Amino acid sequence: EAGVAQSPRYKIIEKRQSVAFWCNPISGHATLYWYQQILGQGPKLLIQFQNNGVVDDSQLPKDRFSAERLKGVDSTLKIQPAKLEDSAVYLCASRRSSSYEQYFGPGTRLTVT
Amino acid sequence: AQRVTQPEKLLSVFKGAPVELKCNYSYSGSPELFWYVQYSRQRLQLLLRHISRESIKGFTADLNKGETSFHLKKPFAQEEDSAMYYCALSGAPGTYKYIFGTGTRLKVLA
Numbered sequence: 321e322a323g324v325a326q327s328p329r330y331k332i333i334e335k336r337q338s339v340a341f342w343c344n345p346i347s348g349h350a351t352l353y354w355y356q357q358i359l360g361q362g363p364k365l366l367i368q369f370q371n372n373g374v375v376d377d378s379q380l381p382k383d384r385f386s387a388e389r390l391k392g393v394d395s396t397l398k399i400q401p402a403k404l405e406d407s408a409v410y411l412c413a414s415r416r417s418s419s420y421e422q423y424f425g426p427g428t429r430l431t432v433t
Numbered sequence: 019a020q021r022v023t024q025p026e027k028l029l030s031v032f033k034g035a036p037v038e039l040k041c042n043y044s045y046s047g048s049p050e051l052f053w054y055v056q057y058s059r060q061r062l063q064l065l066l067r068h069i070s071r072e073s074i075k076g077f078t079a080d081l082n083k084g085e086t087s088f089h090l091k092k093p094f095a096q097e098e099d100s101a102m103y104y105c106a107l108s109g110a111p112g113t114y115k116y117i118f119g120t121g122t123r124l125k126v127l128a
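Top to bottom, those sequences are chains B and L. In terms of this note's numbering, the first sequence opens at residue 321 and continues consecutively. In terms of this note's numbering, the second sequence opens at residue 19 and continues consecutively.
Just so you know, these hints were derived from the structure itself, not from any lab. All figures in this text were calculated on a predicted structure; none of them were measured in a lab. For glycine and all other residues, C-beta sits at the position ideal for the given N, C-alpha and C. Treat the hints with care, since some could be wrong.
[As the list claims (entries may be wrong)] Result set (DSS-like, lysine-lysine): computed pairs, CA atoms no more than 27 Å apart in a straight line: (1) Lys75/L <-> Lys115/L; (2) Lys125/L <-> Lys364/B; (3) Lys91/L <-> Lys75/L; (4) Lys364/B <-> Lys115/L; (5) Lys364/B <-> Lys27/L; (6) Lys398/B <-> Lys115/L; (7) Lys403/B <-> Lys331/B; (8) Lys91/L <-> Lys364/B; (9) Lys331/B <-> Lys382/B; (10) Lys27/L <-> Lys75/L; (11) Lys83/L <-> Lys364/B; (12) Lys403/B <-> Lys335/B; (13) Lys398/B <-> Lys335/B; (14) Lys115/L <-> Lys391/B; (15) Lys40/L <-> Lys364/B; (16) Lys115/L <-> Lys27/L; (17) Lys398/B <-> Lys364/B; (18) Lys75/L <-> Lys125/L; (19) Lys75/L <-> Lys40/L; (20) Lys115/L <-> Lys382/B; (21) Lys115/L <-> Lys403/B.
[Said to hold, decoys possible] Simulated restraints on C-beta separations: (22) Pro381/B <-> Ser30/L: 33 to 41 Å; (23) Gln96/L <-> Glu421/B: 19 to 27 Å; (24) Ser327/B <-> Leu28/L: 27 to 35 Å; (25) Glu85/L <-> Ser378/B: 25 to 33 Å; (26) Arg21/L <-> Glu421/B: 17 to 25 Å; (27) Glu72/L <-> Gln337/B: 40 to 48 Å; (28) Phe32/L <-> Ala340/B: 42 to 50 Å; (29) Lys125/L <-> Asn372/B: 41 to 49 Å.
[Claimed, not checked] To give an idea of the chain L side of the interface with chain B (calculated C-beta under 7 Å), a few residues: (30) Arg61; (31) Leu62; (32) Leu64; (33) Tyr104; (34) Tyr114; (35) Lys115; (36) Phe118; (37) Gly119; (38) Thr120; (39) Gly121.
Working from the sequences, and respecting the hints, build out all of it.
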């Protein structure tokens, strides 16, 4: 089966600009996660979707971050406006409802200058 | 508060030597614990889940609730084991919302 796809793989923007990341999960995976991984740290969960509904967004900085998962498949994570501290790798993961295993995408490396 | 601690950022061992990657956790209930691994230029992938008690690629990990630890062990390290290892905790049953540790980079020297 095809893995989790993410695009773009790399993005460089200036602070105060906007950016969007896209994720296509594995077909049939109802649960989708977005993580932020800052250099030297482990991934931190930003938001979890079950189909097209939000299960947990308690760690999403909602003043600047937003995410959606229309039709319960692809998802988009947006940052507007970006800050220097948003420089990180943004990971998308998906999971089948009957399983505990998360499958991760390759990530998008964001650099904010 | 829920927390996962991996005290070593880097662990270097010689090929054939035993390996132990440490993981301690803080959680008030009964957690599920996992080890994920990221090889160079590859995606993060599941290595072990404590409930399954399997041995994957020669690695094992035992949950010690008394010491709140879930250390990853392998009796004889191989060069291909060189990678970044993350310990993860899932608290609320069935949600599989992971809290990751900061990771340990394992380097196996020839």
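These are the hints, each one checked on the structure:
{"no.": "1", "hint": "Lys75/L <-> Lys115/L", "result": "25 Å, holds"}
{"no.": "2", "hint": "Lys125/L <-> Lys364/B", "result": "24 Å, holds"}
{"no.": "3", "hint": "Lys91/L <-> Lys75/L", "result": "11 Å, holds"}
{"no.": "4", "hint": "Lys364/B <-> Lys115/L", "result": "10 Å, holds"}
{"no.": "5", "hint": "Lys364/B <-> Lys27/L", "result": "17 Å, holds"}
{"no.": "6", "hint": "Lys398/B <-> Lys115/L", "result": "21 Å, holds"}
{"no.": "7", "hint": "Lys403/B <-> Lys331/B", "result": "14 Å, holds"}
{"no.": "8", "hint": "Lys91/L <-> Lys364/B", "result": "25 Å, holds"}
{"no.": "9", "hint": "Lys331/B <-> Lys382/B", "result": "21 Å, holds"}
{"no.": "10", "hint": "Lys27/L <-> Lys75/L", "result": "22 Å, holds"}
{"no.": "11", "hint": "Lys83/L <-> Lys364/B", "result": "24 Å, holds"}
{"no.": "12", "hint": "Lys403/B <-> Lys335/B", "result": "5 Å, holds"}
{"no.": "13", "hint": "Lys398/B <-> Lys335/B", "result": "14 Å, holds"}
{"no.": "14", "hint": "Lys115/L <-> Lys391/B", "result": "22 Å, holds"}
{"no.": "15", "hint": "Lys40/L <-> Lys364/B", "result": "20 Å, holds"}
{"no.": "16", "hint": "Lys115/L <-> Lys27/L", "result": "23 Å, holds"}
{"no.": "17", "hint": "Lys398/B <-> Lys364/B", "result": "16 Å, holds"}
{"no.": "18", "hint": "Lys75/L <-> Lys125/L", "result": "16 Å, holds"}
{"no.": "19", "hint": "Lys75/L <-> Lys40/L", "result": "18 Å, holds"}
{"no.": "20", "hint": "Lys115/L <-> Lys382/B", "result": "19 Å, holds"}
{"no.": "21", "hint": "Lys115/L <-> Lys403/B", "result": "26 Å, holds"}
{"no.": "22", "hint": "Pro381/B <-> Ser30/L: 33 to 41 Å", "result": "37 Å, holds"}
{"no.": "23", "hint": "Gln96/L <-> Glu421/B: 19 to 27 Å", "result": "24 Å, holds"}
{"no.": "24", "hint": "Ser327/B <-> Leu28/L: 27 to 35 Å", "result": "32 Å, holds"}
{"no.": "25", "hint": "Glu85/L <-> Ser378/B: 25 to 33 Å", "result": "29 Å, holds"}
{"no.": "26", "hint": "Arg21/L <-> Glu421/B: 17 to 25 Å", "result": "23 Å, holds"}
{"no.": "27", "hint": "Glu72/L <-> Gln337/B: 40 to 48 Å", "result": "46 Å, holds"}
{"no.": "28", "hint": "Phe32/L <-> Ala340/B: 42 to 50 Å", "result": "46 Å, holds"}
{"no.": "29", "hint": "Lys125/L <-> Asn372/B: 41 to 49 Å", "result": "43 Å, holds"}
{"no.": "30", "hint": "Arg61", "result": "5 Å, holds"}
{"no.": "31", "hint": "Leu62", "result": "4 Å, holds"}
{"no.": "32", "hint": "Leu64", "result": "5 Å, holds"}
{"no.": "33", "hint": "Tyr104", "result": "5 Å, holds"}
{"no.": "34", "hint": "Tyr114", "result": "5 Å, holds"}
{"no.": "35", "hint": "Lys115", "result": "6 Å, holds"}
{"no.": "36", "hint": "Phe118", "result": "3 Å, holds"}
{"no.": "37", "hint": "Gly119", "result": "5 Å, holds"}
{"no.": "38", "hint": "Thr120", "result": "5 Å, holds"}
{"no.": "39", "hint": "Gly121", "result": "5 Å, holds"}
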